[in-house]
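Chemist: For the sequence shown, the working numbering begins at -9 and goes up steadily by one.
Worth flagging that the hints you see were computed from the coordinates, not collected in a lab. None of the values given here were measured: they were computed from a predicted structure. In this text, a Cβ means the ideal position worked out from N, Cα and C, and glycines have one as well. Keep in mind that the hints are not guaranteed to be accurate.
Claimed, not checked - Taking lysine-lysine pairs in the DSS-like style, the calculated list, with each CA pair at most 25 Å apart, reads:
no., residue 1, residue 2
1, Lys83, Lys(-7)
2, Lys86, Lys125
3, Lys46, Lys14
What the hints assert, rightly or not - Distance ranges between label pairs, derived from CB positions:
no., residue 1, residue 2, range
4, Leu75, Ile(-6), 27 to 37 Å
5, Lys129, Lys83, 33 to 43 Å
6, Lys(-7), Asp25, 36 to 46 Å
7, Gly7, Asn136, 26 to 36 Å
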Amino acid sequence: MNKIKIFNSGIKDVKFGSGVKVVKPVNIYGCEIGDNCFIGPFVEIQKDVTIGNNTKVQSHTFICELVSVGDNCFIGHGVMFINDLFSDGGPAKGNKELWKSTQIGNKVSIGSNATILPVSICDNVVIGAGSVVTKNIDKPGTYVGNPAKLIIKRI
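Construct all of the structure, not just a fragment, from the sequences and the given hints.
Modeler: Have a look at this one:
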C-alpha cells in the first residue's frame, strides 16, 4: 500500500509590514514582506526571501529561497526565480551549498513569464515579458530577450 504525505500550503512564519494585501491561495513561509506590498493569488514565496516596501507580486509567481527584492518593484504574472544552476549536472538534491542568491534592486519591474537566474539587478531596470536574465545587470535600462540584453539605456 502506498503511503501518501500531504502537506498544506498557506501562510506560516511570515513577518509582514503594515498595509500588506495578500490574495489567497498562496504558499508563503519563513520570509519577510515589507510595508504596503501586494501578493497575488497562487504565489509561492519561500523562506529567507525578503520583499521590500511598496512591491507588487502578481499571480502565479515563484520566488525561491535566497532572493531579495527591493522597494517599489513590480513582479509580473508567472515570474520564476531560480537558485539552483545544476552546477553538478542535475538538481542539488538538498545540497543548499550549491544554491546561489539573487538581489533585485529598487524600482525594478519584471514582466510576466520572465525567468531570473541567480543574478544581481541594479535599481531602475525593466525586464521585458518572457525574458531570461542569465547575467548581472549593473546599468539602469530596459532588457529583453533570451538571454536578456539592454535595448534602452536609462540615465
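Chemist: Taking the hints in turn, state whether each one holds.
Modeler: Against the structure, the hints come out as follows:
no.	hint	verdict
1	Lys83 / Lys(-7)	holds, 22 Å
2	Lys86 / Lys125	holds, 21 Å
3	Lys46 / Lys14	holds, 15 Å
4	Leu75 / Ile(-6): 27 to 37 Å	holds, 32 Å
5	Lys129 / Lys83: 33 to 43 Å	holds, 36 Å
6	Lys(-7) / Asp25: 36 to 46 Å	holds, 43 Å
7	Gly7 / Asn136: 26 to 36 Å	holds, 34 Å
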